[in-house]
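*Asks:* If you want the building blocks of each chain, they are given just below.
Protein chains: 2
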Amino acid sequence: MPVTGPEIERLIQLLSKLPGLGPRSARRAVLQLIKKKETLLAPLAVAMADAAEKACICSICGNVDTQDPCAICSDPTREPTTLCVVEEVGDLWALERAGVHKGRYHVLGGVLSALDGVGPNDLNIGSLAERVEKNGIKEVILAMNATVDGQTTAHYITDRLEGLGVTISRLAHGVPVGGELDYLDDGTLAAAMKSRRPF
Amino acid sequence: MPVTGPEIERLIQLLSKLPGLGPRSARRAVLQLIKKKETLLAPLAVAMADAAEKACICSICGNVDTQDPCAICSDPTREPTTLCVVEEVGDLWALERAGVHKGRYHVLGGVLSALDGVGPNDLNIGSLAERVEKNGIKEVILAMNATVDGQTTAHYITDRLEGLGVTISRLAHGVPVGGELDYLDDGTLAAAMKSRRPF
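These protein sequences, in sequence, are chains R and G.
In terms of UniProt numbering, the first sequence is numbered consecutively and its last residue is 199.
In terms of UniProt numbering, the second sequence is numbered consecutively and its last residue is 199.
One should not assume that every hint holds.
Straight-line distance between alpha carbons at most 20 Å, and here's what the computed SDA-like set of lysine to any residue pairs gives [unchecked claim]:
hint, chain 1, residue 1, chain 2, residue 2
1, R, 35, G, 124
2, R, 35, G, 71
3, G, 102, G, 91
Source of the hints: derived by calculation from the structure; they are not laboratory data.
Bound conformation, chain R alone (with noise of 0.2 Å):
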């Protein structure tokens, strides 16, 4: 049974299909959402129309953006040589909102997983392989996360671009700075010895 109008009903609905809101965060921010009707709820109407005639996803690396190619496919100032392949847009955000990479970006769309049944040809991996050869790259930088899946997709791509003469990175593992060494896994302390740096 609603317990309340059925365009408000529709909008928990709706909401509550969000990653990280249930049905019951939803009616809570709908609630909120019209309590501020006028600096909130209208304003993200009119965000949400714009983005969804806007937004869009960059041919050349996968990025979201208001544009194609995506700002930093086409910003000439960017290092052209150097890709940094992530698993998703999400990623790419991350280390841009970091500012540690300077070159372009390659999102694959996903890793590759036999129990989800994701094959090398869901994935972006024939348009890196493309890129790296046609556009003279220099280094590939593989960002995947340290999750088996990601380890086995790095991997992958590794063997793929064997004898395109590009040198291939991996991000370091390590402590992560701020890290407690009492709260970390044996792995990661095993990654941080083995790769310990003269100080």
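Since chain R is already given, all that's left is putting chain G on it; use the hints.
*Replies:* Showing chain G alone in chain R's frame:
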């Protein structure tokens, strides 16, 4: 430094103001929305515009609905002489979902709180007294949260309605259905013991 287009950044910024979403989960939500542009983002924009246009607050009870008086206040089959007093609209919705109250409601819009500077005039207490006096209300059920502020407010309302010839009741305290004694606080156990019933 923005990592994506201005329309998308603005959507992230607005979404992160929702309760339960921070900047990080708002970004994840926006990526999900853009991935499901046709099935989620566009309908959500329409639903928000609809809700912004139609949502209103019932001038009688304070419920949020798309009609004024709300569906509950204008339903002739509901017992008009029993009022259930709640703190917020979310509480009213919770009771409606449970289907445990067949009368009408009255939303206070908060609780008395000396710390937050909320006094009786900041809540819909005057309009409650007026409804009780003018509409021949026979019973007022106080359904405030079982917090210190909620119970203070309940006591204040009881004092305020004294002499109007209305029965005042409150929700029972006790062991939640499905709850385990071992995990309950002392206050709840004491209340449950004190209000024990013949079996």
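*Asks:* Against this structure, judge whether each hint is valid.
*Replies:* Hint-by-hint comparison with the structure:
The hinted pair formed by residue 35 of chain R and residue 124 of chain G meets the criterion: a straight-line CA distance of about 16 Å does not exceed 20 Å. Between the alpha carbons of residue 35 of chain R and residue 71 of chain G the distance comes to roughly 19 Å, so the proposed pair stays at or under 20 Å and holds. Restraint check: the Cα-Cα separation between residue 102 of chain G and residue 91 of chain G comes to about 15 Å, which is no more than 20 Å; the hinted pair holds.
Every hint, counting from the list given before, is met by this structure.
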